[in-house]
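> Make the full structure from the sequences, and use the hints.
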Amino acid sequence: MLQKIASYNPVRKNLLAIEHSQRDGNYHILGLELALKKGELDIVNRFIVTSIDQLSSTIKNLGKASLAITDTQILTKELSSVGTDNEILSEAFPNLNLDDFYYQILKTSTKSFVAVCRKQHIDSIIQQYQKAKIEITEISLGNLKMAALSSHIDSDEISSNSAIIKVYNGEISAMLPKGNTTERIYTIEGLTLDYTYTLPLAIALNYFLHQINTTGSIEIKNQSIANEYKESQFFKKTLQFGIGFLLISLLINFFVFNTKYKKWQELQGEIQVYTTQNESIKNQQESVDTKEAIVKSILNTGFSKSSLYIDQIIKSQPTTVILNSFVYQPISKTIRSDKPIAITKNMISVAGNSIDKADFTTWINTIESLDFVDTVTIIKYGIDKKNTSSFEIMINLIHDTAK
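For reference, each letter of the sequence shown is one residue, going 1 to 403 in our numbering.
No wet-lab data here; the hints were simulated from the structure.
The beta carbon of each residue, even a glycine, is placed where N, CA and C say it ideally should be.
Nothing false has been slipped in among the hints.
Calculated pairs, DSS-like style, for lysine-lysine (alpha carbon to alpha carbon, straight line, at most 30 Å):
hint: 1; residue 1: K237; residue 2: K60
hint: 2; residue 1: K60; residue 2: K37
hint: 3; residue 1: K333; residue 2: K291
hint: 4; residue 1: K221; residue 2: K111
hint: 5; residue 1: K119; residue 2: K131
hint: 6; residue 1: K230; residue 2: K60
hint: 7; residue 1: K305; residue 2: K339
hint: 8; residue 1: K64; residue 2: K131
hint: 9; residue 1: K237; residue 2: K131
hint: 10; residue 1: K64; residue 2: K236
hint: 11; residue 1: K60; residue 2: K133
hint: 12; residue 1: K305; residue 2: K380
hint: 13; residue 1: K64; residue 2: K119
hint: 14; residue 1: K230; residue 2: K131
hint: 15; residue 1: K37; residue 2: K64
hint: 16; residue 1: K119; residue 2: K133
hint: 17; residue 1: K77; residue 2: K166
hint: 18; residue 1: K37; residue 2: K133
hint: 19; residue 1: K111; residue 2: K166
Label-pair restraints from in silico Cβ distances:
hint: 20; residue 1: A174; residue 2: E231; range: 34 to 42 Å
hint: 21; residue 1: D123; residue 2: G63; range: 19 to 27 Å
hint: 22; residue 1: T238; residue 2: Q130; range: 18 to 26 Å
hint: 23; residue 1: G25; residue 2: T238; range: 41 to 49 Å
hint: 24; residue 1: T275; residue 2: K333; range: 32 to 40 Å
hint: 25; residue 1: T275; residue 2: T238; range: 49 to 57 Å
hint: 26; residue 1: K260; residue 2: Q130; range: 46 to 54 Å
hint: 27; residue 1: G269; residue 2: S232; range: 50 to 58 Å
Laid out in structure tokens, this is it:
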């Protein structure tokens, strides 16, 4: 039998089997938490509490549960006949309003057992368990599920928390109210437990093996809540999968973005370096262009005139005068990279050597008489050696506007 259970429950999840009863007007809730370990059904936990809220701190693994309700709201009758559900209900509870009551019927070869309870009461209990994070997936009324143990005991009688069950030929023959019964210990399929937990064990065995067949509107309710549980689990797993997929996608996107962002930062750094270098090159090029423009301007504006001036001055040069330099519009200040080139406009600087003072004086007078010369200033004239005198003169040209 346990091998059948193992194959039936491949996911190896725990099962809660609970009996919801009453004692002295108060809740009396008891049950078993069972699990499959190495192919064998094992009792993980046994519990008895006085309120549904206490279950959350008592049960190790909250989840789905099979529930048998045996409180004072359950009415059970035994009939010495077997027939259709309608025939059995009509005989047991002739005026029963099926819109207000759930019913469950267990049929043996010779008898029928009927349990009924108000729908409002059952639905209220289910809601209370749901608030305690326990999903009820199967409900049974009274002790009808004790029939699941009838083929697993050698005795003709077995006690539960709320009833004494008579057994004959492997079938339930009677259900009697439980009085002051002596406590009994049972060993069923290798599981040892006292009579208090026999109904929860019967619920668990029938959940896995479906050994007994009960009918009634409660079975329709069971199908409904089982479908709701499956849908909620499907939605939960889908949501978990969706969230997991989303998180993985976000994580992948984060790593991709992080990698791309680092590359982008590297490119930005390179662009910044290139931009800085380009700006530096551009500034240097502008400086060169400016200086080149100045030089070109000087050359373009002064080349033709300077040629004329040089030609006239050289023609008047005596043989006793040797020129070392002839500069048209000489630079007035030291050239600096951050300053524009300053020139002395309308001036010619001439330097050289003279060996005859009279010829030098005559040459100066000749230069002064040229029509483009305003004045000639002797900057330096001195005898060096061997009657050779070095000189430097500045020729002030007449402005174009003055001409």
